[in-house]
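Q: So the protein sequences, as listed, match chains A and B.
With the numbering used here, letter number 69 in the first sequence gets 69, and the count goes up by one each step, no holes.
With the numbering used here, letter number 242 in the second sequence gets 242, and the count goes up by one each step, no holes.
What the hints contain is simulated information worked out from the structure, not anything from laboratory work.
A virtual CB, placed ideally from N, CA and C, is assigned to each residue, including glycine.
All clues stand as given, with none of them false.
Going by beta-carbon spacing under 10 angstroms, a handful of chain B positions derived as facing chain A:
id	residue
1	VAL61
2	ARG74
3	ILE191
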Amino acid sequence: MVAQLKAPGMIRGAVMFLGGIVFAFFLTWVIRASTGHSTFHHYISGDAITTVALMAAPLGFLVGLGGFDYWFYWASGRKTRPEDHSGHGAYTWRDYFRINTDHKVIGIQYTVNSFIFLLIGGLLAMLMRAQLAQPGSHFVSANTFNGLFSVHASLLIFLFIIPVFAGLGNYVIPLMIGAPDMAFPRLNALSFWLLPVAGIMMLGSFFAPGGAFADGWTAYTPLSDTAPVGQVFFSVAVQFAGASSIMTALNFLVTIITMRAPGMSFFRLPLLVWANFATSLLVVIATPFIAASQFFILLDRGLGFNFFNAAKGGDVLMYQHVFWFYSHPAVYIMMLPGFGIISEVIAVKARKPIFGYRMMAFSLLAIVGLGFTVWAHHMFTSGMAAWIRIPMAITTAIIAVPTGIKIFSWLATLFRGVLRLDTPMLFALGFLATFTLGGISGVMLAMIPFDIHVSATYFIVAHIHYVLFGGSLMTIFAGVYYWFPKMTGRMYDERLGKWHFWLTFVFMNATFGPMHVIGLQGMPRRVATYASEFAGMNLFISIASFFLGASTLIFVYNMITSWRGGPRATGNPWRGMTLEWQVSSPPPVFNFDRVPTVVGGPYEYGIPGAVHGIFAPPPVPATVGAGSGAATPQGP
Amino acid sequence: MNRRRSVTITVILALIAVGIGIWLSYEIRWFPVAASKQAVNSDRLYHVLVIASIPIFVLVVTAILFNVWNFRMRPGEELKDGAPIHGNTRLEVFWTAIPTVLLLSLVGYSFVVLHENEKKPAREIKIGVTGQQFVWTYQYPRALTGGAPLNSYELYIPRNESVQFQIHSRDVIHAFWVPAFRLQEDAVPGITTNWRVTATRLGTYPVICNLLCGAGHSLMRSAVHVVSQARFQEWLKSQASAAAGGSSGGAAAGGSAG
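Only chain B is shown next, with the shape it has when bound in the complex (with noise of 0.2 angstroms):
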């Protein structure tokens, strides 16, 4: 009969949207690279989903569209009324039960991954971060520079090492975030916040105050350099012969908050 062609149709054309939408999910590039362990869990977290929520949206917009298409008012209608259906108690069991088994799953799994991600490693490094108007900088505790501890404007951490930030402010609330990390975390005023990151890809990526804190946030941006470990290990190097050598300007007048 003509609704159950009308339905079938429907049908098809619903599951090929679906198709297109999943399709579409890999395709697009949605995040910018993903240069940490952590960055990796999440992302396949999102795909998740998305992939999840492609059907759910599909099925709205077509119950939508099935409905306009078929019982538009015709003309001649004007003074005809629907079919007077007040509920189907299995039908709202359905749509009760499936969402919740749906959403607990989902959640489910982002518990996984956030354990995944903030399990605690058997080795790691410290290193300070302290936010104020408008700048970050960063603080190497004695465990690393071998030496005296070392305040610096740039940040370097070492590829394939667990590295936790222990996070500060000293005024306003600023948010220590890197987009490449996936990983972003609050600088408050009187406590410290922290995460913990294995960063698994060389190169330099933004870091960004991702919470109003003034006048100056838009610019309030410095950047992560992942390096190799001996790189690593030359540069704290180099930082603290050249604090050794008298220049004390720059990153040592910023004082170490620690």
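With the rest of the complex left out, here is chain A (with noise of 0.2 angstroms):
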């Protein structure tokens, strides 16, 4: 018994997540008794309580897990322990519940973590939806409502499409350079483990009295300044969210920076490393503003900084500029690894090299650095000072430029192609038709004039879910189907995937199609109820809705199944030129055997004879060259 409470785990992580709590108890307690509180009553606050174990709890949890023992070891001058490996690989399903340093295993664990969260944000959408069939109803109450659409959101951004994306890079990376692992190992480890925190307690306010979060994942303040407590774990959830985001993305930049394989030179790297390059570059530099965003938010809770209140000299639209310039870099965050997904997946479905590979390179890197200009284009009605919107409309209508190469460069890939229209290319194609649409629309939202009626309504959520729906999410099913072999050995159902594929593209295109002409004819986003003269308009939607969450059913069916009694896959299914599909499937623990070569470009399909990566012959053993001196003179 004492040995498990000694040893890194959940038990451990359990009885120190309780320790977390009453370290909260009696911090707050004595502090607050040590100012001025005179009374019992006053000496015992549950929002001060809740405020600091909200961050003292997860990462008591966290220590007790094992995530900071080697760092702990080494900073008190204890004997750290030997790399041995033995935290390496999974062996059994018991594996993906420790701290796990193979990247590989970690790419599942983000992966699987992060579709559970989509199926509760979706599913809370539904429950939305069912509220908004028709006006005026009380399935749940307003304030339940607002809660639904904040958590919603949080979570699908939070905790699904940043992290998944950062979950199949986490496993495919290493894999396409040719490295035997992260550069940071036990960082990444770690940084796994803070997104069931960060998700658990976004859930977990729901249970905080005066319900969830409820003002947007945006957290405009002043609202969320003077919100009941469940603001706190939006705030402090998005610290987790943010900081394994800014482990993970280090780690991708270093890993790619000084691990690439011999000869992968950075006009030799698959285009979906390029992305999480760029994107990695977005992450470090953007990912603090919210975190200070949120600080801000906490401060003025918890100690009456007034950052925010106007009364006391604070300034309240200074939050939404802190906010958007992460949360526009963060649009990208969201949708440059699907681009990388997409390169991928359509010059190994087409058979061809794509088209103009490095203005797809240097079309990413335009887009993380004008990705840092556009921010205030969210506030061309805040009231910020007038002339800020000319240049951001400027820049916001030229970011297209690079997306529209990007766009042209994939249909041009698709020419004079051999297309293979499975799973993944079917949402690879899908996905061009409405990110298209997605984009189109915000261009126009670019338009002053015509932001200035739209902003905040429907339209906006028509455009937002164009393009995660539409844009980031259909990227990672293209790339989940994609990669499956790969990840787990198996096949999966090619007729559950089509089917798939086509009711998500239809019901997609019916859920958020017509939010576009509502948002036009003035319907408010955020709404727990509207006039009845969109109540049709609604009712369809929200039927359309309910197939859509259907058909993710269909998807999560086809992974389960597939992945237990799937037929085995080959290490190369695709017939890829990539490194990740010169392994075995799944890869073996350290992924190469043998150190790769890279000797030309990963897309040089149709070109007889050409290869990516070749792989050095094995050593030849010492004792050959040692034993007969008449074997030696042969070589030129």
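These two chains come separately, so use the hints to put the complex back together.
A: Following this line, the structure appears as structure tokens:
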């Protein structure tokens, strides 16, 4: 028993989690008692305990789980455990529930965890659509409804799209660049375990007094400054999710820069690696800003800093600037890895080199740069200084150019290919169509007089879902089907995959398409009820959304049954050239038994005899050379 | 040759699709009735954007379908690869330059509309708007009432006259949105924001809070009455006398936040 409590793991994690709560209780008690709160009632404040406990208890859990063990041992001068690779790889299901330093295990942890939150977030959306099926319904209360869409957006942004891309990247990037693992495996392990913490915290806010945080994922102040304690769950959860993002992005950057196989120059990198390189730059530069915005809120709420209290000289609009300085680049954080996936899928499935490879890479970097110059287009009606709108509108229009280059290059890649129209390819083609619509509505929103009318209406809801559902989620499905054989060693069911695609594609458009129109006609977003003129359209949207939700069950069924009992996959079922397909499915624990050498581009399809990477011949056993002198003089 | 024929058919189908799209863009009732000068300008901008977007969307979809139709893998081609085309600099310059020009012209046109919509007229009246959870109140200054300033739950504005709304908030952020005018701006605690409108059509139109302001957000609604100049003066007078008559109930209790 004592041994179990001392060893890193779930049990020690649970104990230290409780320790965090006790710590929060006493810390707030002592501080409040020593700063003039005289009565017993004032010593103990539920809000204060909750706020501190939300930070201390999960940290306790992570320490207990063993996320910090190695560094603690080192820092305290104790003997660090030699790296015997015992924490590496997964041999039973239990290995997925501990600190694991294998990037392939972490990639699967990330991906599965993200999809669980996709299902939860989607369920919340369907509860919202049930409420909105008719005007004036009382399926849920207005406050609960506000909580539903706030948690829906927060989960799907911070716990699904951003981490699922990090998960796929985690699995694939080291394989693609010919590395045995990520640069910082322990940091990688810790970065995963921050995610369930953040997700459970967001969901847990539903049980907070006063309900879940209910002011959108944007958490605009002063509403969030004065909201019930559920708000703190958001502000703190964002810190955990954001820290996870930053750790992974740093890891990706260092891995990509320093651990490429011999011969893997930057312009031989597969575009997925380029995309994650660009995304990681965005993440490390931008994410601290949302962390700051939420710390401002925490300081305002907990300690009365009045950053955003106009009556005390606070500046309400500053929150929005800091928030969007992250959250606009975040849109690209949620899209660029998807661009990478589409490049992989289209090149392999069209059997062609990517058209304009260098421009594809440069356009990613252009988006990284421009992505930081457009944030205030979310604030055209916010009351900020009017002139800021002008440069932001220009950059917003211009940022469509690199995105356009990518769309056109993919289309040109299809030309004169041999298109295999299987599930990943269907999702890639569907993505091209729906994402173009999302891009077009995005350009329209750059036009200030138009944006002034539709800002914060259902038109925006339609736009963001065309970009994130029609864009990101389609690429995620494409990527999951594409790498499923590599990750699980099994093939998925192609017929179910195609059903999944067509149902998703049709009902996605049926759900989000009509939202454009009701937005133009004057339906605001984030409302629990609406004018009766929108009743017909909303009922239609709600019904379509239930079918859309149901279509996801096909995916879940396909994934689970195929993983358990699908036909065995070969190492390279798609005949891909990139390195991850040159090893077995799933790959060996350290990825490559022999170090690959890269000798050409990643997409040289159609060129006879072209190869991307070769594996050095196995080292000649030393005894042969030493023993027989007669064999040596044969070399050239 | 066969390829040429399929290209011709594709181009014709695409042009038909563009034609249908543009026809639909005229047929669909996109917006609520336009009740202001600004609304007419914004709607025209929207229509230009839609017409510019249709060919681009049709181009992308047509290219996908064309490629799928012509280059899909046929039985027996399982091991075949496509043509090793790596790029075409001229084409890449083309699809970088043309969208840039198109986008800059559209954004330039939008600035013209913006300038036109926000231009300060020679003469305008100012009305205060105050948002608080979850009601709108409106403040008519002395310059308009001729007597004591008026605070009202109702919003009356004269037709064909430029009105500037000075927007305030007492608690959290709200957004003062009149869909029929196509105009909105946030009501932000601590600062005064504004927009100006010249209403052109008599009638009553919804005023909607368009920024989440709490549990009552969906019900934070009001109305704007666009009336003739004579009727507007009449209404102001009736309000003034009602206030003077001692019925200090209702709106007067809302106070003035101007």
